[in-house]
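Number of protein chains: 2
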Amino acid sequence: MTGDGTTGVAPAGQRDTTAMDLNQGTLVQGAPAVVHETAAIDRGQVPPPPAAAEPLAPRTVEQHLDEILSAVPQPDPIELAVLDAQGLLCAEEVVSQRALPAFDQAALDGYAARALDVEGASFEEPARLAVVGETVAGPSGPSSIGPGMAQKVSAGAMLPAGADVVVPAVWTDQGVVTVAVHAPVESGGYVRRAGDDVAPGTTAVQVGTPIGPAQISLLAAVGRDRVQVRPRPRVAVLSAGSELVDISTPPGPGQVVDVNSYALAAAARDAGAEAYRSGIVPSDRRRMSEVLESQLLRSDLVLVSGTFATEGDTVQEVLAELGQMHFSPVTMLPGPVQAFGRLGRDAVPVICVPGEPVAALVAFEVFVRPAIRLMLGKRQLFRRTVQAIAAEQLLSPLGYRQYLHGQVMRHPDGGYVVEPLGGGDEAMLARMARANCLIVVDEDVTEVAAGGLVTVIPLLLGG
Amino acid sequence: MTGDGTTGVAPAGQRDTTAMDLNQGTLVQGAPAVVHETAAIDRGQVPPPPAAAEPLAPRTVEQHLDEILSAVPQPDPIELAVLDAQGLLCAEEVVSQRALPAFDQAALDGYAARALDVEGASFEEPARLAVVGETVAGPSGPSSIGPGMAQKVSAGAMLPAGADVVVPAVWTDQGVVTVAVHAPVESGGYVRRAGDDVAPGTTAVQVGTPIGPAQISLLAAVGRDRVQVRPRPRVAVLSAGSELVDISTPPGPGQVVDVNSYALAAAARDAGAEAYRSGIVPSDRRRMSEVLESQLLRSDLVLVSGTFATEGDTVQEVLAELGQMHFSPVTMLPGPVQAFGRLGRDAVPVICVPGEPVAALVAFEVFVRPAIRLMLGKRQLFRRTVQAIAAEQLLSPLGYRQYLHGQVMRHPDGGYVVEPLGGGDEAMLARMARANCLIVVDEDVTEVAAGGLVTVIPLLLGG
Numbered sequence: 016m017t018g019d020g021t022t023g024v025a026p027a028g029q030r031d032t033t034a035m036d037l038n039q040g041t042l043v044q045g046a047p048a049v050v051h052e053t054a055a056i057d058r059g060q061v062p063p064p065p066a067a068a069e070p071l072a073p074r075t076v077e078q079h080l081d082e083i084l085s086a087v088p089q090p091d092p093i094e095l096a097v098l099d100a101q102g103l104l105c106a107e108e109v110v111s112q113r114a115l116p117a118f119d120q121a122a123l124d125g126y127a128a129r130a131l132d133v134e135g136a137s138f139e140e141p142a143r144l145a146v147v148g149e150t151v152a153g154p155s156g157p158s159s160i161g162p163g164m165a166q167k168v169s170a171g172a173m174l175p176a177g178a179d180v181v182v183p184a185v186w187t188d189q190g191v192v193t194v195a196v197h198a199p200v201e202s203g204g205y206v207r208r209a210g211d212d213v214a215p216g217t218t219a220v221q222v223g224t225p226i227g228p229a230q231i232s233l234l235a236a237v238g239r240d241r242v243q244v245r246p247r248p249r250v251a252v253l254s255a256g257s258e259l260v261d262i263s264t265p266p267g268p269g270q271v272v273d274v275n276s277y278a279l280a281a282a283a284r285d286a287g288a289e290a291y292r293s294g295i296v297p298s299d300r301r302r303m304s305e306v307l308e309s310q311l312l313r314s315d316l317v318l319v320s321g322t323f324a325t326e327g328d329t330v331q332e333v334l335a336e337l338g339q340m341h342f343s344p345v346t347m348l349p350g351p352v353q354a355f356g357r358l359g360r361d362a363v364p365v366i367c368v369p370g371e372p373v374a375a376l377v378a379f380e381v382f383v384r385p386a387i388r389l390m391l392g393k394r395q396l397f398r399r400t401v402q403a404i405a406a407e408q409l410l411s412p413l414g415y416r417q418y419l420h421g422q423v424m425r426h427p428d429g430g431y432v433v434e435p436l437g438g439g440d441e442a443m444l445a446r447m448a449r450a451n452c453l454i455v456v457d458e459d460v461t462e463v464a465a466g467g468l469v470t471v472i473p474l475l476l477g478g
Numbered sequence: 016m017t018g019d020g021t022t023g024v025a026p027a028g029q030r031d032t033t034a035m036d037l038n039q040g041t042l043v044q045g046a047p048a049v050v051h052e053t054a055a056i057d058r059g060q061v062p063p064p065p066a067a068a069e070p071l072a073p074r075t076v077e078q079h080l081d082e083i084l085s086a087v088p089q090p091d092p093i094e095l096a097v098l099d100a101q102g103l104l105c106a107e108e109v110v111s112q113r114a115l116p117a118f119d120q121a122a123l124d125g126y127a128a129r130a131l132d133v134e135g136a137s138f139e140e141p142a143r144l145a146v147v148g149e150t151v152a153g154p155s156g157p158s159s160i161g162p163g164m165a166q167k168v169s170a171g172a173m174l175p176a177g178a179d180v181v182v183p184a185v186w187t188d189q190g191v192v193t194v195a196v197h198a199p200v201e202s203g204g205y206v207r208r209a210g211d212d213v214a215p216g217t218t219a220v221q222v223g224t225p226i227g228p229a230q231i232s233l234l235a236a237v238g239r240d241r242v243q244v245r246p247r248p249r250v251a252v253l254s255a256g257s258e259l260v261d262i263s264t265p266p267g268p269g270q271v272v273d274v275n276s277y278a279l280a281a282a283a284r285d286a287g288a289e290a291y292r293s294g295i296v297p298s299d300r301r302r303m304s305e306v307l308e309s310q311l312l313r314s315d316l317v318l319v320s321g322t323f324a325t326e327g328d329t330v331q332e333v334l335a336e337l338g339q340m341h342f343s344p345v346t347m348l349p350g351p352v353q354a355f356g357r358l359g360r361d362a363v364p365v366i367c368v369p370g371e372p373v374a375a376l377v378a379f380e381v382f383v384r385p386a387i388r389l390m391l392g393k394r395q396l397f398r399r400t401v402q403a404i405a406a407e408q409l410l411s412p413l414g415y416r417q418y419l420h421g422q423v424m425r426h427p428d429g430g431y432v433v434e435p436l437g438g439g440d441e442a443m444l445a446r447m448a449r450a451n452c453l454i455v456v457d458e459d460v461t462e463v464a465a466g467g468l469v470t471v472i473p474l475l476l477g478g
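As you go down the protein sequences, you meet chains A and B in turn. Counting from 16, one number per residue, gives the positions in the first sequence under our numbering. Counting from 16, one number per residue, gives the positions in the second sequence under our numbering.
Just chain A, same shape as in the assembly (with noise of 0.2 Å):
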């Protein structure tokens, strides 16, 4: 899991860089008023040392994303009731046993006749049939017509042998006994033939198609009630933080409600998964070991957010005791220790994002997402990004890529314009509310002109 070369010491020169440049980004702070002020998202980041320091290992986004993506696994595919199966990859060739439709039949109300018959007729000399009977929508014996001669048919009633047309009610006289029909219609004309939808032996539903309510309609059609699809992954989120109280207790002086374990718990429902919110991990190490043992036992991905040191802490400790777990900073803002690991007896993926609510949803996004969909099955694990142009100025610190909540609209001349959220005096929390999108700035990107291009990732809520 760690061989992908990033981990141990980096290059001293690549270090000093980064460390240097985001220095550099931080003391920008008083720059003029039109700049975006970066210094609130800086905040709660730990900063790389302003010169030599111990031999940390950071690794960039990508290295962390690829490391995630190459492990986590694929579950099998499960059968499910059709209306289970909604928002999920079809995982088998459903091949159709049936013709659809199963007979001839007619496709509107009118009359079932021989187009040879109805030929040349118009309102002023309209051709003149013998009504021989009626046939409702429905279960029915043979019945048959011959040349001159018109069955009476409701829409979905079986077509008598002989006839090749419908004609609607409306282009006749309607009349019970005789019919004078007013237009003529082609061969063919307002039938459903048998097997015009699906012919017996081939394939309705292919693997990997998403099923949507047109493959209900398609499966229901040649009699499946069930189908084996991509199965929801099940993730477990865990809170891990002595500070932490449930939603429910008041906080006392230094504690905080348990935010994330809702939000990722909403988050990884949103991006598919079948999220459990298993609340905050037990201070007590033993509990602590249990309950994440228990999770590892019936999830497909665990989901842990915390304030993880840079030394181990009791979380960090008892997960290094089922498993390879691997903590190390990225090169990203908000960040700052993500972690990714495949522990216990199934090596479930373990994703760790950082504690602190805003800089846990952007890993999310970031990392877990992705993750998630690729499990699914999906074909596009990201989201579309956009690029727009930037309203004001945007610093960044060289070496890191940042992510900042954003909106952005379509501009009236075409494309988009984009407005980073709140200077550094604004909530975060309210501005990640308020957010629409998150602007991604590029590691090797310091500054983004006002009018400048910049990513935007937009986040769809269906508002």
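Some clues are possibly wrong.
[As the list claims (entries may be wrong)] To give a feel for the contact side, a few chain A residues facing chain B, derived at Cβ under 8 Å:
id: 1; residue: 101
id: 2; residue: 155
id: 3; residue: 220
id: 4; residue: 231
id: 5; residue: 258
id: 6; residue: 262
id: 7; residue: 263
id: 8; residue: 269
id: 9; residue: 270
id: 10; residue: 271
id: 11; residue: 284
id: 12; residue: 372
[Claimed, not checked] Pulled from the structure, derived: some chain B residues nowhere near chain A, Cβ distances all over 10 Å:
id: 13; residue: 149
id: 14; residue: 462
id: 15; residue: 468
To be clear, the hints were calculated from the coordinates, so they are not data collected in a lab. For clarity, every value in this text was computed on a predicted model and none was experimentally measured. Even glycine gets a Cβ: it sits at the ideal position worked out from N, Cα and C.
Following the hints, position chain B against chain A.
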């Protein structure tokens, strides 16, 4: 409900034009091969008579939609657990009783100190401070520091009185008795101030805000585990038709499997409703009435699919006993007959859509989805449309709004290209399942040239 003046006999001139042009539209089947055959779409529809006929009362898509949207009630707000509120709109002004954070705290691991004491510090000339204690995140009593002192703190720990900065641990020698600080920190640096995020008495989440992970984060942070929301409307889905058998029953001659109760339940759920698949309406009149009445009692909206005759059938008669139900042809393709009414003691809205599965899902998209979104309180009732270049010529009858399934894709030079799916001989259900959009050809358009612009509604499947 019928007060919009669209019922009754339409002007003869209008009828004539429509009829003649639909006829014309049908006659172009023999046109060159590049022409997209609309015959397959037309074939399942009731065409108007080729000449004068009985006074039907057709209405436009807009008229039918207006009647539905003006009559659909908005369910009362309910209180839900925050995680169950996901995807719904907040129905209350959530005012925080708390400050967030509740206390001044360290934003990262380091040393709480006074900005004055570390002014001008550098790696070469560090500021040396006496370490007078340590505070970790979690419950703790009051502490304080004086000039020349520092306190070791972890991220989230309460800031001791007297301190106004946290020096990141990596900017120091991480000393235990005394600490050497290698860089200055401006006052307030790496400190989260009480109330920074949310001040007591301010609104955390506003009425009408869609509740996503970020809002759940904010709600949890202010201690709300329940919240008032606009509820998901309960939608009952029924299929009517004597030809229908349940999916588990092999259809005999003249019988077809009930597809629509599955497909429409899936579509209703996709639109945000809590959908209940009630299945096939019993054919016995008394039992039919009982089933419909019980669904009216437990639903916010009842959806019935069926091939409703222009003259009354049992379902129409039973519905008429429960209230005023307005059946009428709508000038759209696929059609033909649509209906709306408010039935039962509570005047529950009932929408009837065609029985043919493709027409049923198109009618859902056009009439039912906006109604469900209105009930959810959404501002955006309709899907976004885009203008796309038609890859083939499209022909459409004058006076009818035609909805064709298509595949829309991005054009390499920008914009979109759309290809209608299937000619006259391709299966309709299979075509619908392959589509990623609906092409809309307006009532007053009879031809869209290849290369011309046409309106497209992308149907997001999230593949």
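Checked hints:
1. 101: Given a least distance of 5 Å, the restraint on residue 101(A) holds.
2. 155: 4 Å, holds
3. 220: Since chain B brings a Cβ to about 7 Å from residue 220(A), closer than 8 Å, the hint holds.
4. 231: 5 Å, holds
5. 258: 4 Å, holds
6. 262: The hint holds - residue 262(A) has a Cβ within 8 Å of chain B, the shortest such distance being about 5 Å.
7. 263: With a closest approach of 6 Å, the residue 263(A) hint holds.
8. 269: 4 Å, holds
9. 270: 6 Å, holds
10. 271: 7 Å, holds
11. 284: Result: holds, 6 Å to nearest chain B Cβ.
12. 372: Hint holds; residue 372(A) Cβ to chain B Cβ min 5 Å, cut 8 Å.
13. 149: Holds, because the least Cβ-Cβ distance between residue 149(B) and chain A comes to about 12 Å, which exceeds 10 Å.
14. 462: 21 Å, holds
15. 468: 15 Å, holds
In summary, this structure violates none of the numbered hints.
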